[in-house]
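Novice: Put the two chains together into one complex, using the hints given.
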Amino acid sequence: MTRVLLERVSVARGDRVVVRDVSLDVPSGAWVCLIGPNGAGKTTLLHALAALIVHSGTIRIGDGELSRMSRRGRAQQLALVQQDSQLPTGLRVADYVMLGRTPYISYFGREDRNDRLVVAEILEQLDLLGLADRLLGHLSGGERQRVVVARALAQLPSILLLDEPTTALDLGRQLQVLELIREQQCARALTVISATHDLTLAAAYADRLALISCGSLVAEGTPREVLTTATLGEHYGVSLRVIHDEDGSVAVIPVRPPSVTRSPGEA
Amino acid sequence: MTTTPLPDVVLPAPAVLPRARGRDALWLGAGVIVLALSMLAGLFVGAVDIPPQDIVGDLISRIPFVHMHSPLSSIDAAIVWQLRLPRVVLGALVGGMLALCGAAYQGIFRNPLADPYLLGVAAGAGLGATIAIVFAIDITVVGVHALPMFAFVGAIVAVGLAYIVGRSVGAGRSSTTLVLGGVAVAAFLTAMQTFLQQRHTDQLALVYNWILGTVATDGWSEVITMLPYALLALVVILLHGRLLDVMGLGDDAARTLGVRTAQVRIAVIGAVTIGTAAAVAVTGLIGFVGLIIPHVVRLLGIRTHRTLLPLSMLLGASFLVLCDLVARTAVSPSELPIGVVTAVIGAPAFALVLRTSRVHG
Numbered sequence: 001m002t003r004v005l006l007e008r009v010s011v012a013r014g015d016r017v018v019v020r021d022v023s024l025d026v027p028s029g030a031w032v033c034l035i036g037p038n039g040a041g042k043t044t045l046l047h048a049l050a051a052l053i054v055h056s057g058t059i060r061i062g063d064g065e066l067s068r069m070s071r072r073g074r075a076q077q078l079a080l081v082q083q084d085s086q087l088p089t090g091l092r093v094a095d096y097v098m099l100g101r102t103p104y105i106s107y108f109g110r111e112d113r114n115d116r117l118v119v120a121e122i123l124e125q126l127d128l129l130g131l132a133d134r135l136l137g138h139l140s141g142g143e144r145q146r147v148v149v150a151r152a153l154a155q156l157p158s159i160l161l162l163d164e165p166t167t168a169l170d171l172g173r174q175l176q177v178l179e180l181i182r183e184q185q186c187a188r189a190l191t192v193i194s195a196t197h198d199l200t201l202a203a204a205y206a207d208r209l210a211l212i213s214c215g216s217l218v219a220e221g222t223p224r225e226v227l228t229t230a231t232l233g234e235h236y237g238v239s240l241r242v243i244h245d246e247d248g249s250v251a252v253i254p255v256r257p258p259s260v261t262r263s264p265g266e267a
Numbered sequence: 268m269t270t271t272p273l274p275d276v277v278l279p280a281p282a283v284l285p286r287a288r289g290r291d292a293l294w295l296g297a298g299v300i301v302l303a304l305s306m307l308a309g310l311f312v313g314a315v316d317i318p319p320q321d322i323v324g325d326l327i328s329r330i331p332f333v334h335m336h337s338p339l340s341s342i343d344a345a346i347v348w349q350l351r352l353p354r355v356v357l358g359a360l361v362g363g364m365l366a367l368c369g370a371a372y373q374g375i376f377r378n379p380l381a382d383p384y385l386l387g388v389a390a391g392a393g394l395g396a397t398i399a400i401v402f403a404i405d406i407t408v409v410g411v412h413a414l415p416m417f418a419f420v421g422a423i424v425a426v427g428l429a430y431i432v433g434r435s436v437g438a439g440r441s442s443t444t445l446v447l448g449g450v451a452v453a454a455f456l457t458a459m460q461t462f463l464q465q466r467h468t469d470q471l472a473l474v475y476n477w478i479l480g481t482v483a484t485d486g487w488s489e490v491i492t493m494l495p496y497a498l499l500a501l502v503v504i505l506l507h508g509r510l511l512d513v514m515g516l517g518d519d520a521a522r523t524l525g526v527r528t529a530q531v532r533i534a535v536i537g538a539v540t541i542g543t544a545a546a547v548a549v550t551g552l553i554g555f556v557g558l559i560i561p562h563v564v565r566l567l568g569i570r571t572h573r574t575l576l577p578l579s580m581l582l583g584a585s586f587l588v589l590c591d592l593v594a595r596t597a598v599s600p601s602e603l604p605i606g607v608v609t610a611v612i613g614a615p616a617f618a619l620v621l622r623t624s625r626v627h628g
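The listed protein sequences derive, respectively, from chains A and B. Each residue of the first sequence is one higher than the one before, starting from 1 at the first, in my numbering. Each residue of the second sequence is one higher than the one before, starting from 268 at the first, in my numbering.
So here's chain B without its partners, still in its complex pose (with noise of 0.2 Å):
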C-alpha cells in the first residue's frame, strides 16, 4: 500500500493555502451582514409607515423580564410580525434555496447556463398547480392545501420522468442525456398545462398570477411548510460541496479518484429537487435568482463549492427580499409581481457587476 512520500523532504510551509480559506471567510461574514441588513430593511419599510424606531421599541418590549410598554399599536404590531416579518422570512427562504440550488447544478452539469428549473421542475409544478385551479381541488392535507401539494408533487414527478428518460437514453450516465431528458418531459409538461389553460380560459388569470410568483403571505404557514424540505436540501447540498468540485473534473477523472459520480448526482439532484419543489410550491415561479446570483458570487472571486454554495445561498436570500421591498413599495397600495423585479433589477445589476469585473480582469 501507499505510503507517505519521500520522508526525508523537508515540509515547507505551506502558506500558499490557507490565504483563500481567509479571504473566503471574509465573504462570507460580508454575506450574513448583507442578509441581516436586507432583513431589517424588508422589516422596516412597508406600504403603511411604522417608524423603524417602534419597531425596534416593540421588539425590546417582548423580551422576557423587560418592563416597557410597547410603542407600537396592536395593529401595526400585526402588521410587523405577522405580515412583514413572515414575508421577509418566505423571501429569505426561497431566494436562498434558488440561488442554493442553482449553484449547485451548475456545478453538477458542469453548465454556467443551469438553474434550479433546468430538469423540468418548473414544468411538472406549473401542471400541478395547472390541474388544481382549472378543476378547483380543494382538499387539505396536514394544513397544507391543494396548489402548493400539486405544484410540488408535479415538480417531483417531472424531475423524476427526466431522470427516467435520460437514463433509457444510451449510455444513461451521463450528465447530457439527463439534460436532454429534462428538455423532453418539460415541452411535454408545458404543452400540457397550455391545453389545460386553453380549455379553461376563465381561470387562466389564476394560473398567470401563480406563475409570476408572490412571496406574499398572511402568516407562517408557508415558511413552516416549506422549512424542512428547504432545510433537508441545504444540508445535503452544502455537504456535498468539495465533491462537486471534483465533479467538475469531469466524470472519468472524479471516478479515478475514487469518487462514486453516480451516486452523488443522484445526491444532488434529489436535494436540487426538494428544495426548488418546495420553494416553487410556495411561491410560484421565480425566474433569475438561481440562475444570477451563483455567477455574481464567482465574479467576486469565489472559486471553490464550499463558499461558493453559502454565499450564494446568503446573497439569493439578500436578493430576494430586496426585490419584494421593491415589488411591495414602488406602486404602492398595489403590488409588482416580484418575478418582474427579480428580472428588471436583477439584470441591469448584472451585467454591471459583469462590466466591472472585466474591467479589473
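Pulled out of the complex, with its shape left as it was, chain A reads as follows (with noise of 0.2 Å):
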C-alpha cells in the first residue's frame, strides 16, 4: 500500500515544457486513470513517474522521494507497462516474466529458487502458465499484453503504471486485460496510475480521473465529476453527449459536427 503524491511536478522535453505544475494525490491502493488530448502530457507524466525523464518538484512514493531513492529500490516499488512494449519475439514467455526479477538480482548475479517461484506464481494467477513455454513472436495481442503486465507484476511492484495498457486491442480483450488488473489490484493492494483515450473505460475501472489538458491538470475527481459536457468539450474541442447511468457507469458519446458536406447515404 503506498501512497503517490505530486507536488508542483514539471517535466521539460527540450527547451519545452510538457507537464506544468501538476500537484496530485493518488491515495494508497486506488487507481487513477490520466485522460486528455493526445499529446496533453499523460505519457510524459508517467514516465516522470518511472524516472525514465527528469523531473522539476517532488514526487513522493509512500515515505520516499522518488529522486532520491536507488535505482532497484524504485524498480522494486514501481513497474511500468509502456504504450508499445517492444517484445522480444524470439523469447519464451516464462523467461520474458522471469526478467521482471531483476531489480532483485544483483549485477552478475542469476535468479534463484525464490524467483522461479515468483514467476511461476505469476503465471498461474494470469492463466499464462500453458504459454510458459510459447515464443512472445506466437502471442496473440490480448495474450501478448497478459504477459506485458506479467512481467510489471513480477517486480513485485506496490505501484504499477499503464500507459494506454488496452489500445489495439478489441473490446472482450480490453475488458479481460482491465478485469485482470483490477483483480490484482485487489489482490496485491496495488496502487494504479493508467493513461487512457478510452474515456468510458476509465471511469468503469478508475476510482478517480485526473484530466490532464496542454501540460495542465485541468479536473480531478470521481469519473461523475470529471466526466461532464463542459469539461470534456472544452479541453477536447469537440462536441460530446456523456451519460451517466444509474449504476454508475458513464458513456460519452462523440457528437458528429455540422458538415457542409455530407455522405451520399444522407443525401
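Treat each hint with caution, since some may be false.
Derived list of chain B stretches under chain A, where covered just means 3 residues or more per stretch with a C-beta under 8 Å from a C-beta of chain A [stated by the list, open to error]:
(1) 509-517
(2) 523-537
(3) 564-577
Worth flagging that the hints you see were computed from the coordinates, not collected in a lab. Using N, Cα and C, we set each Cβ at its ideal position, and we do this for glycine too.
Specialist: Shown next, in the form of C-alpha cells:
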C-alpha cells in the first residue's frame, strides 16, 4: 500500500515544457486514470513517475522521494507497462516474465529458487502457465498484453503504471485485461496510475480521473465529477454527450459536427 | 518497502522454467563435443599425410611416466605440434571470439544484422594494417610486430571515434546514433585506407592478403598474443548474458527494471572491441562467422543470451576450424583464403538451416 503524491511536478523535453505544475494525490490502493487529448502530457507524466525523464517539483512514493531512491529500490516499487512494449519476439514467455525479477538480482547474478517461485505463481494467477514455453512472437494481442502485465507484476511493485494498456485490443480483450488488472490491484493492494484515451473504460475501472490538457491538470475527481459535457467539450474541442447511468457507469458519445458535405447515403 | 506477495498463496511447483534450462545444457554439451571433434579433425588432416593413430601414439608417449617410443618422426611431430595444433587453436580462438562478439552485438543493438565489425573495427584495423604495410614499419613491442599492433590500435581508435561521434549527436544515448557514428567513421577510415593503397600500388597484394584473412601460423606467438584479450572479452561478455536479455526489452524498459543501460552498453562494446580487435589483428578480416553463427544458434531454439553466447562461441570456433581445414587441403599444396571458404561453405549451409527450420516452424 503506497500513496503517491505529486507536488508541482513539471517536465521539460528539450526547451518545451510538456508537464506544468501538476499536483496530484493518489491515495494508497487507489486506481487513478490520467485522461486527456493526444499530446497532453499523460505519457510524459507516467515516464516522470517511472524516473525515465527528469522532473522538477517532488514526487513522493510512500515515505520516500522518487529522485532520492536508488535505481533498484525504485524498480522494486514501481513497474511500468509501456504503450508499445518492445517484445523480443524470440524469447519464451517464462524467460520474459523472469526478466521482471531483475531489480532483485545483482548485476552479474542469476535468478534463484525464490525468483522462479514468484514467476511461476504469477504465470498461474494470470492463467499463463500453458503459454510458458511459447515464444512471444507467437502470441495474440490479448495474450501479449497479459504477458507484459505479468512481467511488470514479477517486479512485485506496490505501484503499477500503465500507459494505454488496452489500445489495439478489441473490446472483449480490453475488458479482460482491465479486469485482470483490477483483480491484481485488489489481491496485491496495488496503487494503479494509468493513462488512456478511452473515457468510457476509464470511468468504468478507475476510482478517480485526472484530466490533463496542454500539460496542466485541469480537472480531478470521481468519473462523475470529471466527465461532464462542459469540461470535456472545452478540453477536447469537440461536441460530446455524456450519459451517466444510475449504476454509476458513464458513456461518452461523440457528436458529429454539422458538416457542409454529407455522405451520399444521407443525401 | 516491498514484502513477499500473497503470503497465503500455496506455491505451485515451478516446473516451467528448469525444462528449458536442461535443454540448453544439452546443447552446450553437444557444442563442446562438436568443437572437440572439429579440432581433432584439424589436427589429423593436413597437406602431409600423417596417420591419426601415430599422432595419438605420439600424444601418449608424451604423457609423463609412460615409456613408449613415439611412432612419429621428428619432422612429423613438428608438423603436428608446431604447425597444425597452433593453427587449430588459433582458428578456434578467432572463430569463437567473432561469433561470441557477433551474438553480443546483435543483442545489445537489438539488430539481427549486427556483426562484430559494426562500429568500425574492420575499417580501423584495415587502415592500421595498411599504414604498417605501406610504410614498411618495422618495430616490435614485447614480441608483437608492427602489423598486428597497428591493426589492433586502429580498431580500438575507430570504435572510440564512433562512440564519440555517436554520443555527440542528438540524445547520444541511443544505440542508433552509435551505429550511425560507426558508419561515418568506417567510411572515413576506409577512404583513407583506399587513398594509401592507391598511392602505394606496389604493396597492394600484401594489403589484400591481410584483408582476406588467414589463421596460418608457424608457432604459438599469435595464440599467445591474442589470448589475454580474448579471455578478458570472453569473461566480460559471458557475465553480461542475463543483462543482454534485459536490454532486449528496450532501453526504457530496462531502466525501469533498475538497469544502468549506458553502463551495460559501454561494458559490452568495450569487451567486443577488445576481443574483435585482437582477433582481427592476428588473422586479418574474416567475415561471415560473427554474423551467421548466432543466427544458427537461435534457429536451434536457443533463446536466452546465457546460452546463446557460449554456444555461439563453441560453434563459431568449430566452424572456423573446419573452414580452415578446407582452406588448407582443398587445393593443397596451395591454400584458399579462409574468408572465401567461410562464405562459400557458410552461406549455402546457412540457407539450408534457414529452410529446414522454416519447414519445422
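Novice: Run every hint past the structure and note whether it holds.
Specialist: So, going through the hints one by one against the coordinates:
no.: 1; hint: 509-517; verdict: holds (count 7)
no.: 2; hint: 523-537; verdict: holds (count 5)
no.: 3; hint: 564-577; verdict: holds (count 4)
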